[in-house]
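Place chain B on chain E using the hints.
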Amino acid sequence: MTDATAPETDRSTPPAATRGRGGEILDLVLLPSAAILLALVVGAVIMILSSPLTRGGFNLALPWTAYVALVQGSFGSFDAIVSTMSAATPLVLAGLAVGIGFKAGVFNIGAQGQFLMAGLAAAAMGVATAGLPPVAAIPLAVGAGLLAGAAYGFVPGFLKATTGAHEVVTTIMLNYVAIQFLAWAVSGPLRGENVTFARTETITTAVLPVLFGRDGHLGIAFAAIAVPLLAWLLFRSTLGFEIRTVGANPHAARYAGMRPRAILILTMSLSGMLAGLAGVAEILGKVHHIPAAYSTTVGFDAIAVALLGRSHPVGILFAGILFGAMRAGSGLMQIQAGIPVQMINVLQAVILFFLAADLIVRAVFRLRSSGESASELQTISASYGGGGTA
Amino acid sequence: MEFLYDLPAIGYVFQFIGWLIGVLPIIAPTIVAAAVPIGFGALCGFMNERSGVINIGIEGMMLTAAFVAWWTASLSAQLVPSTAFGPFGMSLPLLIGLAAAIGAAMLVSLVHAWLSITVRADQIISGTIINIFAVGITGYLNLLISQTAPPSAGQFRGLGLPSALTDLPLVGWLIDAFLDQGPIGLGLIIGIVVMQILLFRSRWGLRTRAVGEHPEAAETVGIDVIAMRYRNVIIGGVFAGLAGAYLTIEFGNSFQGEMTNGRGFIALAALIFGRWTPLGLMGASLLFTASEGIQRAVRFGPPEGPLGDFLSAIPTQFYGALPYLITIIVLAGVVGRSIGPAAVGQPYVREKRERRRTTVPAQPAETGAA
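Quick mapping for you: the protein sequence lines, in order, are chains E and B.
In terms of the numbering used here, the first sequence has 143 at position 143, counting the first letter as 1, and numbering is strictly consecutive.
In terms of the numbering used here, the second sequence has 689 at position 299, counting the first letter as 1, and numbering is strictly consecutive.
Because the hints were derived from the structure by calculation, they are not lab data.
Not one of these hints is a red herring.
To give an idea of the interface, some chain E residues facing chain B are shown, with a C-beta separation under 10 Å as derived from the structure:
#, residue
1, V169
2, L307
3, P340
Covered stretches of chain B (chain E as the covering partner; in silico rule of three or more C-beta atoms under 8 Å from a C-beta of chain E):
#, region
4, 516 to 522
5, 712 to 718
Remember, it's a predicted structure, so these values are computed and weren't measured experimentally.
Virtual Cβ for every residue (Gly too), placed ideally from N, Cα, C.
The shape of chain E in the complex, shown without the other chains:
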């Protein structure tokens, strides 16, 4: 069984593989674009079919109104573009977290838990350092968040490396543990004094400064720096080479003198740290406190972003901006076309569906099969049941 689990986790860029440029472009650009296009068509069909529910009769123009509003709300003005970037920030960072996991052959579904724990730690530190000037408070709060996220990613990595407990299950469980822990911490010891709903005090000095526009905060710069940094780490550094080798074939990696278990733990910690940075940017940059029941879909969104971006940092950047734009524009779509914001989730799911079932996309657009596509969509989950160790 161990042999069956090893290969195929990432074929898009195995370190030693030779691969046609055409196949790469097909994989990185054409397929995702085609999937997005098809998803918009499916979304339009759903809007038309469901339009009689509100205003009697089918409204064939509704999708057009909705999509125009979506684009206007996300790119139509300077403020709209800034709010798109702000919404894209946690998605890009958490997407990078999931993507680096894919590169190493691990599936981190725990971005949500890591996001929450890091957000909590950053908020706690932000409240505690209210007396310090921003120069000291911001690094302390960001650092606390990064540490918490990394620690929360380390646990499933360590469990997988030492006991074989599959990270998909442990990270799902840890997500819910994080939700409960956050609820306890914020309704108990960290509860602010004059708050109606259970939440922490408002963070003051540790708040990330606004650089431009209405909510163009420093966190956007974090994401902008993280993308090239991770690209360098993955494709230009020794560690990145080891991560990709372990992801492509842990047995070969061990044979070459690498330590797959150590790499696995390190990758999961790094992944947790990136997801944590997403939480830090969101809490310190946008929300400025953390409520006991912080509702976020960032965990699953991050998976969608990483898959659409084909686990490549630059791809993840674009995918994150796309989903961020959808989130940012969904408000205007709801106002102008009466389309509930949940339509964004539907579109995301359908995009992922077409990426997973890329044979449909190929058939519709008559794309030739490169024979090596759907790289991340293969056997990441193979060692799930038997508890196989890397």
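Just chain B now, kept in the frame of chain E:
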């Protein structure tokens, strides 16, 4: 008995057990009721994983079914007579809602089966797609519908057992908790027993286990792995449908966005903690919901003395996190390792049969020549 409580340290354990025996009859019905959707969800995961398919989309399947059950029931209440007949307060709209919920969940399961078996996409991604889609489509439609606010079609009622049975000493409260339920709740008890017997005592069970543990070996003895997996995943959808329908037409009678609230993932935890057997997953579901029940009992009537102070001091969220913590511990093998079916998560490529088919015509020719 009381002298046991005075023992140092261990006395508290006895006191806790004594207190538990006292409150259990009171909290048992709520524990069982909360365990029904989790048990059915876990049974859905059981059908998938025993035949080698991971399903983390249970949550989404349940949510879809919950919405469809509620919506079709309330829609059909406007079209067909909704007079109650027979036991359980049964009515035509409720039955339509139940059937539609099962149908919807089977349809979602079919998509999951197609993606994970035929397309051979990563099964976890398939589950993720289902979860995201379910939150989106149910939230979207629910918001559109809520503008016209259709009235609820009501809900299934309990069996209503005679008090002679439920007042029986010692077992009366058990009968009350387990048997005084609606049709879906009772269906779970039947489903668990039947599946347990089928898994270990029937041809189907043997084949399912073979397909989940070693599909290549199963194929060599003539089992159609692909068909087996399809069938089991779709039957699993029936259970997810019942889990969802329970939430909106038996346990309650309304729908809210994302109302499954992680139950699909607790179901996954129960499946793992119950070691992939029906009885085990049912026990795990009850244990997990008991955690919540005990928390409530502590809040309303804690035991006396230091034990009560200790239990009250434990934050309520700890009881909520307990099922997940236990599952991680069990999965990591700290206390009794839990190991799933060996082939779960691996798409099956039927290559051996095709190779055989090409070699078969060659063989008679050779023997003929010899």
